[in-house]
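Given the sequences, and given the hints that come with them, work out the whole structure.
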Amino acid sequence: MSVRTLNTVAPPLDFSFKNLATLTDSLEEEPRKGTKLRTYTQEGYTEVVTAVRYNNNSLSELSDLSPTMTALVFQPTALSWLDFSFNELVTLDKVLLEFVNLTTLYLHGNQICNLMEVKKLSGLPLLRTLTLHGNPIENQEGYRHFVLSTLSGLKQLDFSSVTKQNQRDAENWRKLSSKKMKMGKKKKAE
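Residue numbers (the numbering used here): 1 to 190.
Errors might be hidden in some of the hints.
Calculated pairs, SDA-like style, for lysine to any residue (alpha carbon to alpha carbon, straight line, at most 25 Å) [as the list claims (entries may be wrong)]: (1) Lys164 <-> Glu98; (2) Lys119 <-> Lys164; (3) Lys155 <-> Gln140; (4) Lys94 <-> Thr77; (5) Lys18 <-> His133; (6) Lys94 <-> Ser63; (7) Lys94 <-> Ser60; (8) Lys33 <-> Ser16; (9) Lys18 <-> Gly109; (10) Lys155 <-> Tyr143; (11) Lys120 <-> Arg144; (12) Lys164 <-> Ser152; (13) Lys119 <-> Leu72.
To be clear, the hints were calculated from the coordinates, so they are not data collected in a lab.
Here it is, written out as structure tokens:
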């Protein structure tokens, strides 16, 4: 099922500023006011939710994302936007790859410090908007080039549009980095 074919799309499900330590904690919470969903039934919210906000909480992992979304929303695979900004995430869980319609992912203001975590997102073919600023990885040399060369389909990174020149620069950076790594390995072998 594609997000584009949905008829009854609900407003974002908003669990921001709830002081949640785990995603399953949201099963015991009401979404923030302003979320005009119809009624919550045993099957979850019966309107198709395509966006969920978990920003400004205390989440340190996402491993319980799939069962939580299955319990909360009618069609979890229809999710196209997730906001985990301003939490305590250090790593990215591969559970994110289960949400194949994901186009927007906010991860800014967390504690992600390893650029290799970004590679985990390469399995999201529709991802177009990503935020990672405010994480320690932002200060690493080549950060923007690495992200853009790893996730070549991005149209926005850290709330800045990705231009064709940005894409060319990232590709050139990847080629140069790859050559440097090969040369470094060759010197070590000698």
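Verification of the hints:
1. Between Lys164 and Glu98 the alpha-carbon distance is near 29 Å, which puts this suggested pair outside the 25 Å criterion.
2. Restraint check for Lys119 and Lys164: satisfied, since their Cα atoms lie roughly 21 Å apart, inside the 25 Å limit.
3. Between Lys155 and Gln140 the alpha-carbon distance is near 21 Å, which keeps this suggested pair within the 25 Å criterion.
4. Proximity of Lys94 to Thr77 is assessed by CA-CA distance (about 15 Å); at most 25 Å being required, the pair is judged to hold.
5. Between Lys18 and His133, the direct Cα distance comes to roughly 22 Å. Compliance with the 25 Å bound is thereby established for this hinted pair.
6. For the hint pairing Lys94 with Ser63, the CA-to-CA distance comes to about 8 Å; that is within 25 Å, so the pair holds.
7. Of the pairs offered as hints, the one joining Lys94 and Ser60 holds, with about 14 Å between alpha carbons and a cut-off of 25 Å not exceeded.
8. Simply put, Lys33 and Ser16 have alpha-carbon atoms about 11 Å apart, close enough for the 25 Å limit, and the pair holds.
9. For the suggested pair Lys18 and Gly109, the alpha carbons sit about 17 Å apart, so the restraint of at most 25 Å is met.
10. For the suggested pair Lys155 and Tyr143, the alpha carbons sit about 16 Å apart, so the restraint of at most 25 Å is met.
11. Between Lys120 and Arg144 the CA atoms are separated by roughly 16 Å; this keeps the pair inside 25 Å, and the hint holds.
12. As the CA atoms of Lys164 and Ser152 are separated by approximately 11 Å, the hinted pair is consistent with the 25 Å bound.
13. Between Lys119 and Leu72 the alpha-carbon distance is near 28 Å, which puts this suggested pair outside the 25 Å criterion.
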